[in-house]
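So the sequence lines, in the order shown, correspond to chains A, B and C. So the working numbering is basically just the index in the first sequence, starting at one, shifted up by 2. So the working numbering is basically just the index in the second sequence, starting at one, shifted up by 32. So the working numbering is basically just the index in the third sequence, starting at one, shifted up by 751.
Here are the in silico distance ranges between beta carbons for each label pair:
hint, chain 1, residue 1, chain 2, residue 2, range
1, C, His-800, A, Pro-26, 15 to 21 Å
2, B, Asp-202, A, Ser-68, 51 to 57 Å
3, B, Gly-278, A, Ala-154, 36 to 42 Å
4, A, Pro-155, C, Phe-772, 33 to 39 Å
5, A, Gly-147, B, Gly-132, 38 to 44 Å
6, B, Pro-128, A, Gly-113, 54 to 60 Å
7, A, Pro-155, C, Leu-780, 31 to 37 Å
8, B, Leu-201, A, Glu-187, 55 to 61 Å
9, A, Ala-112, B, Glu-125, 45 to 51 Å
10, B, Val-55, A, Ser-68, 57 to 63 Å
11, B, Arg-238, C, His-800, 29 to 35 Å
One-sided and incomplete, this derived list gives chain B residues near chain A with beta-carbon spacing under 10 Å:
hint, residue
12, Trp-53
13, Val-55
14, Ala-93
15, Glu-94
16, Tyr-97
17, Ala-99
18, Asp-123
19, Glu-125
20, Val-126
21, Tyr-129
22, Val-133
23, Asp-138
24, Gly-139
25, Glu-141
Just so you know, the hints here were simulated from the structure itself, not pulled from any lab data. Where is the CB? At the ideal position from N, CA and C, for every residue including glycine.
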Amino acid sequence: MADQPFIARGFHSRRAAAPPGRLPPGQYETRDFPVLSAGPTPRTPLESWDFTIRGADGGQSSVRWSWDELQALPRETPTVDIHCVTKWSKFDTRWEGVSVDTLLDAALTAGVADGAFVLAFCDGGYTTNLPRADVTGGKAWVAFGYDGAPLAPEHGGPARLLVPHLYFWKSAKWVRGLQLLPSDEPGFWEQLGYHDRGDPWREQRYQGDP
Amino acid sequence: MSEAVVERVAAATPGPPRLEWQVATVVSVQQETPRARTLVLDVPQWPGHRAGQHVDVRLVAEDGYQAQRSYSIASAPAERTVALTVERLDDGEVSPYLCGVLQPADGVEVRGPIGGYFVWEVAQGGPLLLVAGGSGIVPLMAMLRHHARADVSARAAVPVRLLYSARTLDDVIYRAELEKLADPPQVEVVLTLTRDAPPAWSGYRRRVDRAMLEAVSWPSSAAPHVYVCGPTSLVESVATLLVDLGHEASRVRTERFGPTA
Amino acid sequence: MQTEELRLDGNAAGGVLRQVFAEDVTAALATCAGCGTSGLVGSLLEYGHGMGIVLRCPKCDSAVLRIARARGRLHVDLSGVRLLTIPERVSLA
Numbered sequence: 003m004a005d006q007p008f009i010a011r012g013f014h015s016r017r018a019a020a021p022p023g024r025l026p027p028g029q030y031e032t033r034d035f036p037v038l039s040a041g042p043t044p045r046t047p048l049e050s051w052d053f054t055i056r057g058a059d060g061g062q063s064s065v066r067w068s069w070d071e072l073q074a075l076p077r078e079t080p081t082v083d084i085h086c087v088t089k090w091s092k093f094d095t096r097w098e099g100v101s102v103d104t105l106l107d108a109a110l111t112a113g114v115a116d117g118a119f120v121l122a123f124c125d126g127g128y129t130t131n132l133p134r135a136d137v138t139g140g141k142a143w144v145a146f147g148y149d150g151a152p153l154a155p156e157h158g159g160p161a162r163l164l165v166p167h168l169y170f171w172k173s174a175k176w177v178r179g180l181q182l183l184p185s186d187e188p189g190f191w192e193q194l195g196y197h198d199r200g201d202p203w204r205e206q207r208y209q210g211d212p
Numbered sequence: 033m034s035e036a037v038v039e040r041v042a043a044a045t046p047g048p049p050r051l052e053w054q055v056a057t058v059v060s061v062q063q064e065t066p067r068a069r070t071l072v073l074d075v076p077q078w079p080g081h082r083a084g085q086h087v088d089v090r091l092v093a094e095d096g097y098q099a100q101r102s103y104s105i106a107s108a109p110a111e112r113t114v115a116l117t118v119e120r121l122d123d124g125e126v127s128p129y130l131c132g133v134l135q136p137a138d139g140v141e142v143r144g145p146i147g148g149y150f151v152w153e154v155a156q157g158g159p160l161l162l163v164a165g166g167s168g169i170v171p172l173m174a175m176l177r178h179h180a181r182a183d184v185s186a187r188a189a190v191p192v193r194l195l196y197s198a199r200t201l202d203d204v205i206y207r208a209e210l211e212k213l214a215d216p217p218q219v220e221v222v223l224t225l226t227r228d229a230p231p232a233w234s235g236y237r238r239r240v241d242r243a244m245l246e247a248v249s250w251p252s253s254a255a256p257h258v259y260v261c262g263p264t265s266l267v268e269s270v271a272t273l274l275v276d277l278g279h280e281a282s283r284v285r286t287e288r289f290g291p292t293a
Numbered sequence: 752m753q754t755e756e757l758r759l760d761g762n763a764a765g766g767v768l769r770q771v772f773a774e775d776v777t778a779a780l781a782t783c784a785g786c787g788t789s790g791l792v793g794s795l796l797e798y799g800h801g802m803g804i805v806l807r808c809p810k811c812d813s814a815v816l817r818i819a820r821a822r823g824r825l826h827v828d829l830s831g832v833r834l835l836t837i838p839e840r841v842s843l844a
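Construct the entire structure; sequences and hints are all you get.
Encoded structure:
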């Protein structure tokens with residue numbers, strides 16, 4: 003019985019019809035912005051907030067930006083679809099932030115040791131690992147604005163990583179930096195069986211998915 | 033009995049059954065308030081429960097979509113059926129189903145009973161202070177019903193006070209039963225209405241605060257067992273205030289129901 | 752809203768914990784590997800959602816227990832708990 007769930011009479015999922023080709027497999031569209039969190043909301047004052055890129059030499063080389071320095075960098079305003087591994091997708095979300103390309107280029111120019119992988123680290127201890135190639139080439143941002151306003155704390159403000167082409171747990175809330183790594187190291191959820199890359203179009207939810 | 037004997041007997045006793053999902057049958061439903069409904073369930077493999085425990089409820093749609101929530105048990109351990117009281121959250125997906133769609137004779141998947149932390153038995157003694165916000169009354173009602181069924185001497189040894197915060201008088205779940213419990217006074221019931229009160233209302237009309245807790249609670253020197261259940265914000269503020277008033281944190285047990293919807 | 756409003760008690764994880772342990776461990780004493788504080792598992796703070804469950808120490812916010820369900824497997828991270836003291840159920844029934 004445990005393996006054969008009982009179908010609840012008259013219970014329907016709230017999956018709305020979405021335009022063909024826009025929803026990755028197994029996803030449904032939501033108009034809400036659900037809040038998933040693995041911990042309390044960190045409160046780092048902007049005066050002491052910074053963003054650091056640490057080199058693949060164990061962090062011996064690094065570059066950091068204060069909040070004001072980050073704000074002074076060129077901004078982009080991507081409008082993207084986002085896909086959570088818990089199966090909701092949200093279309094046309096509007097963000098404002100700095101491209102990770104801008105930050106990584108500056109770091110490498112300053113002599114920070116390059117690596118093939120990154121581990122995003124955050125206030126509150128959250129981490130997530132990504133191939134370096136997934137945060138470069140105009141695919142990832144450090145976002146501090148959402149829908150025309152400062153990013154709300156429950157959605158990761160003051161700043162979160164935004165990597166919309168991967169499942170949304172990769173878009174780490176309350177991000178404080180990227181650690182470049184020579185080899186892949188699993189992050190908070192990846193240690194517990196979630197996929198190291200997490201491409202929603204290939205349904206890479208868990209370790210072992212193709 | 034020597035320890036060795038106890039150990040041998042214990043080893044020979046089969047453990048509790050593995051916690052499995054099973055299909056319960058709805059025996060009856062009862063509307064408690066405009067937003068809350070009690071489901072009386074017949075659960076085939078029910079090992080019995082302790083007051084304060086909960087069950088997990090799982091709903092599976094035909095396309096495989098699943099939703100799972102936890103609901104507190106309202107019925108006393110001695111009862112043969114299992115009663116859950118569910119508050120309808122308008123933007124929820126499980127509670128509108130349980131409060132609206134589900135009918136007597138329907139099946140519903142449950143597993144339980146669950147939890148050994150937020151439980152109270154009359155043998156633990158008292159005094160017993162219960163603080164509820166909204167549908168947080170449900171597991172506390174199981175404790176009150178358990179208390180009401182205890183024999184007279186056991187009951188007399190455990191004075192009980194309930195402080196129950198609800199939006200309006202119409203939102204007070206189990207109102208008639210609580211009135212009966214309070215008269216003759218086995219239990220002192222104190223209501224506070226946070227949104228709207230009838231014109232003749234002489235009770236509290238505000239959120240639970242320090243002064244109210246000081247007035248309703250026993251002093252910390254009486255070392256009451258305290259159980260607080262309701263929305264996360266109410267539970268956290270009440271628990272903090274009680275500890276500030278000198279109650280030992282380990283005697284204040286909490287059950288958070290999540291955000292107020 | 753803050754994410755603190757979403758947290759529950761460790762007690763809320765009782766269902767999945769009973770899948771992992773032979774005993775009900777919500778009444779067990781857990782010693783946090785982060786700060787050494789001991790408290791009942793039921794009194795830890797639970798942050799749970801579709802990805803998994805994280806039980807945190809109410810004193811230092813360290814993750815004491817983490818559980819995720821993936822492809823028919825339960826992944827249980829116990830690295831945040833230094834000691835788990837579980838009351839034995841001595842039933843004479």
